[in-house]
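Sequences are here, hints too, so could you generate the full structure?
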Amino acid sequence: MLMSQLYAPTLREVPAEAELISHQLMLRSGMIRKSTAGVYTYLPLGLRVLHRVMDIVREEMNRADGQEIMLPIIQPAELWHETGRWEDYGAEMFKLRDRHERLFCLGPTHEEIITALIRSEVRSYRQLPLRLYQIQNKYRDEIRPRFGVMRGREFIMKDLYSFDKDEEQLQESYTAMYEAYERIFARCGLDTRPVEADSGTIGGDMTHEFMVLAESGEAQVVYCDSCSYAANVEKAEVRLPEVEGEDAAETMQAMARVDTPGVTTIEQLESFLGSKADRFVKTMLYMADEKPVAALVRGDHTLNEVKLQKHLGCTTLALADSTTIEKVTGAPVGFAGPVGLSLPIVADCAVPVVRNAVVGGNERDLHLTGVNFERDYNVDTVGDLRQAEAGDGCPRCSGTLVEAYGIEVGQVFKLGTKYSEPLNAAYLDESGRERLLLMGCYGIGVSRTVAAIIEQNHDEDGICWPVSVAPYQAVVIPINPKDETQRDAAEAIYRSLSAESVSVVLDDRNERPGVKFKDADLIGFPLRIVIGPKTLANGQVEIGIRKTKEKYTVPVDDAAQEAAKAIQR
RNA sequence: CGGGGCGUAGCGCAGUUUGGCUAGCGCGCCUGCCUUGGGAGCAGGAGGUCGGAGGUUCAAAUCCUCUCGCCCCGACCA
Numbered sequence: 033m034l035m036s037q038l039y040a041p042t043l044r045e046v047p048a049e050a051e052l053i054s055h056q057l058m059l060r061s062g063m064i065r066k067s068t069a070g071v072y073t074y075l076p077l078g079l080r081v082l083h084r085v086m087d088i089v090r091e092e093m094n095r096a097d098g099q100e101i102m103l104p105i106i107q108p109a110e111l112w113h114e115t116g117r118w119e120d121y122g123a124e125m126f127k128l129r130d131r132h133e134r135l136f137c138l139g140p141t142h143e144e145i146i147t148a149l150i151r152s153e154v155r156s157y158r159q160l161p162l163r164l165y166q167i168q169n170k171y172r173d174e175i176r177p178r179f180g181v182m183r184g185r186e187f188i189m190k191d192l193y194s195f196d197k198d199e200e201q202l203q204e205s206y207t208a209m210y211e212a213y214e215r216i217f218a219r220c221g222l223d224t225r226p227v228e229a230d231s232g233t234i235g236g237d238m239t240h241e242f243m244v245l246a247e248s249g250e251a252q253v254v255y256c257d258s259c260s261y262a263a264n265v266e267k268a269e270v271r272l273p274e275v276e277g278e279d280a281a282e283t284m285q286a287m288a289r290v291d292t293p294g295v296t297t298i299e300q301l302e303s304f305l306g307s308k309a310d311r312f313v314k315t316m317l318y319m320a321d322e323k324p325v326a327a328l329v330r331g332d333h334t335l336n337e338v339k340l341q342k343h344l345g346c347t348t349l350a351l352a353d354s355t356t357i358e359k360v361t362g363a364p365v366g367f368a369g370p371v372g373l374s375l376p377i378v379a380d381c382a383v384p385v386v387r388n389a390v391v392g393g394n395e396r397d398l399h400l401t402g403v404n405f406e407r408d409y410n411v412d413t414v415g416d417l418r419q420a421e422a423g424d425g426c427p428r429c430s431g432t433l434v435e436a437y438g439i440e441v442g443q444v445f446k447l448g449t450k451y452s453e454p455l456n457a458a459y460l461d462e463s464g465r466e467r468l469l470l471m472g473c474y475g476i477g478v479s480r481t482v483a484a485i486i487e488q489n490h491d492e493d494g495i496c497w498p499v500s501v502a503p504y505q506a507v508v509i510p511i512n513p514k515d516e517t518q519r520d521a522a523e524a525i526y527r528s529l530s531a532e533s534v535s536v537v538l539d540d541r542n543e544r545p546g547v548k549f550k551d552a553d554l555i556g557f558p559l560r561i562v563i564g565p566k567t568l569a570n571g572q573v574e575i576g577i578r579k580t581k582e583k584y585t586v587p588v589d590d591a592a593q594e595a596a597k598a599i600q601r
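Numbering (this note's numbering), first residue to last: 33 to 601.
Calculated directly from the structure, the hints in this document are not laboratory data.
A quick note: this is a predicted structure, and the numbers were derived from the prediction, not measured.
Treat the hints with caution; some may be incorrect.
[As the list claims (entries may be wrong)] Computed cross-link-like contacts, SDA-like style, restricted to lysine to any residue with a CA-CA straight-line distance of at most 20 Å:
no., residue 1, residue 2
1, Lys-566, Val-547
2, Lys-323, Gly-372
3, Lys-267, Asp-257
4, Lys-581, Gly-546
5, Lys-267, Ala-251
6, Lys-127, Arg-185
7, Lys-583, Leu-554
8, Lys-583, Glu-594
9, Lys-127, Ile-145
10, Lys-514, Gln-572
11, Lys-127, Leu-111
12, Lys-323, Leu-349
13, Lys-267, Thr-432
14, Lys-514, Met-33
[Claimed, not checked] Listed next, with one range per pair, are the computed distances between beta-carbon atoms:
no., residue 1, residue 2, range
15, Tyr-210, Lys-308, 38 to 44 Å
16, Asp-493, Glu-119, 46 to 52 Å
17, Ser-533, Lys-566, 27 to 33 Å
18, Arg-44, Lys-597, 31 to 37 Å
19, Cys-429, Lys-308, 44 to 50 Å
Heads up, the beta-carbon is just placed ideally off N, CA and C, and yes, glycines get one too.
So this is what it looks like as structure tokens:
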């Protein structure tokens, strides 16, 4: 490819709309352009990278016995009514009507449509296991699309669905996918970490998310500093603390009322009373399936709503509004406490052991001190309700949890019968008995993966593509294309590289060297071959490695061969 | 959906408060000269429904009303 012909409109300045480095670089290097919020056009460079990632995904899916298909984007509403997700997905779905007023949606995911396909085609255990996948556009009307292709409303996803006859076979599928994912992300040059996760609206009992650890990640994860435990904070368990000796030994004080005018937050309370938040008990009022419930966590802890919802076994959970709070506690927001509260109370494990706690007094401007579990208040149930955080004990070993942010690039789910049951997808087993198919689904955000690769592979000058996904592996730059010797040498090297199946761009533009170097760095060609007067005088050309900034010279005649060798490494 | 901000040339912005001549600047783009190891220089040039609609006024980028879009924070989410 000639640079003069390549449609890669690079930008010198950072577009105002882009905040994330990957978004800025994708726009600046001419990979993408925005069409409308959360919807992007891929220009040649962007599309080439997408294809490289897709190629890797395909290879690994095929290797794991996946068979590629293509499911429709437009899906009939009826199917979604059958699983109840027409409502559950709600405003998140792009919905449309045809001329006969029939309702459709643009597929946000494809469990329904594939299960509907399979239920009429798969009849026997002999046809199992079956693993089908596609690489397809998905549509989700995100509340707030942002970060370029990282969170778009139209995005590309690889989704594989597994159909198995029993739990053992499902586990094999799950493991095969898990391992395929590790290979895919490694081949993409990504440092990922699988973490245990909550299954959210997709449902199912076991799931891992594959996280690219990055400052810009939207998901918070914790991982152990000494074993392999890692989990999304929504899911992360907390090792129960041993009853702290000094706390338990402390003598119980008498409960006392303290006037705390206008003190409604933990921070204010800390400075007002001059004591630490770990001596406080926070009382949060929730509406669980429309009924009020109080949840207690220690002052310095954060309540985890996912855990609370599971603990309560409710289907809806939301913080109570201020009117409700005043009605059930008798005090404005900020003064709720467990003492004398007559509604269901659940407490995090760390709460009962707090001696002489400070709690809200259920009266305006009042808190109570010296409050003790059982003597002064009681709870209905105790459980793990709080968010894990850095410094907590690992639930699997004696290590300590560390916090990090991650970009979720993939997720594997065991779905079980969540979709085969409502959609009635069954097969006949060895004994002729009808049984429900066990399903799994396994997604990779392909477009998001491209952005994640940039997040992990860039420097102040631009992108540093791993060779495996680079839009072109090398660029050949003659310093002065008007110099015949340089031009001829450059063209010869360019042709030899092409002949050796190295994807290469020849920067034949009549630009000054600085411009070409800047563009090459920005676009991120892994390898750069510079033909200039300095080295050519000695019959040499320069090979430069984008990522390491390493440079060395080789004889002109060996250039293509040496470059190809460098790309192999 | 709540809060905040922004729409002026391909990109980045000034001008709007206090209405006034032909709407500016930098980068990019085109032509020529010149230059060629890190976004050079000189000269000339093209490019604008000032997001849209309506209104006020002798006069609107500027004031008023409505509307569309985009960005950020929050709630939500793979």
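Each hint, compared with the structure:
With a C-alpha separation of about 18 Å, the suggested pair Lys-566 and Val-547 falls inside the 20 Å cut-off, and the hint holds. Under the criterion of a C-alpha separation no larger than 20 Å, the hint pairing Lys-323 with Gly-372 is consistent with the structure, at around 18 Å. Proposed proximity of Lys-267 and Asp-257 is supported: the alpha carbons are some 18 Å apart, at most 20 Å. As the CA atoms of Lys-581 and Gly-546 are separated by approximately 16 Å, the hinted pair is consistent with the 20 Å bound.
Distance restraint check for Lys-267 and Ala-251: the Cα-Cα separation of roughly 12 Å lies within the 20 Å cut-off, and the hinted pair is therefore satisfied. Of the pairs offered as hints, the one joining Lys-127 and Arg-185 holds, with about 13 Å between alpha carbons and a cut-off of 20 Å not exceeded. Among the hinted pairs, Lys-583 with Leu-554 is consistent with the structure: their alpha-carbon atoms are about 18 Å apart, no more than 20 Å. For a cut-off of 20 Å, the pair hint linking Lys-583 to Glu-594 stands: about 12 Å separates their Cα positions.
As the CA atoms of Lys-127 and Ile-145 are separated by approximately 16 Å, the hinted pair is consistent with the 20 Å bound. Between Lys-514 and Gln-572, the direct Cα distance comes to roughly 19 Å. Compliance with the 20 Å bound is thereby established for this hinted pair. The suggested pairing of Lys-127 with Leu-111 holds, with an alpha-carbon distance near 13 Å, which does not exceed 20 Å. Only pairs whose Cα atoms come within 20 Å are accepted, and Lys-323 paired with Leu-349 is accepted, the gap being roughly 9 Å.
In summary, the hint linking Lys-267 to Thr-432 is supported, as the alpha carbons are separated by about 17 Å, within the 20 Å threshold. Taking the CA atoms of Lys-514 and Met-33, the gap is near 19 Å; set against the 20 Å cutoff, the hint holds. Restraint check, Tyr-210 to Lys-308: a C-beta distance of roughly 42 Å satisfies the suggested window 38 to 44 Å. Between Asp-493 and Glu-119 the Cβ separation comes to about 49 Å, which falls inside the hinted range of 46 to 52 Å.
Checked against the hint of 27 to 33 Å, the C-beta distance between Ser-533 and Lys-566 comes to roughly 30 Å, which is consistent with it. Distance hint check for Arg-44 and Lys-597: the Cβ-Cβ separation is about 34 Å, which falls inside the suggested range of 31 to 37 Å. Distance hint check for Cys-429 and Lys-308: the Cβ-Cβ separation is about 28 Å, which falls outside the suggested range of 44 to 50 Å.
Hint compliance for this structure: hint 19 is the single one not met.
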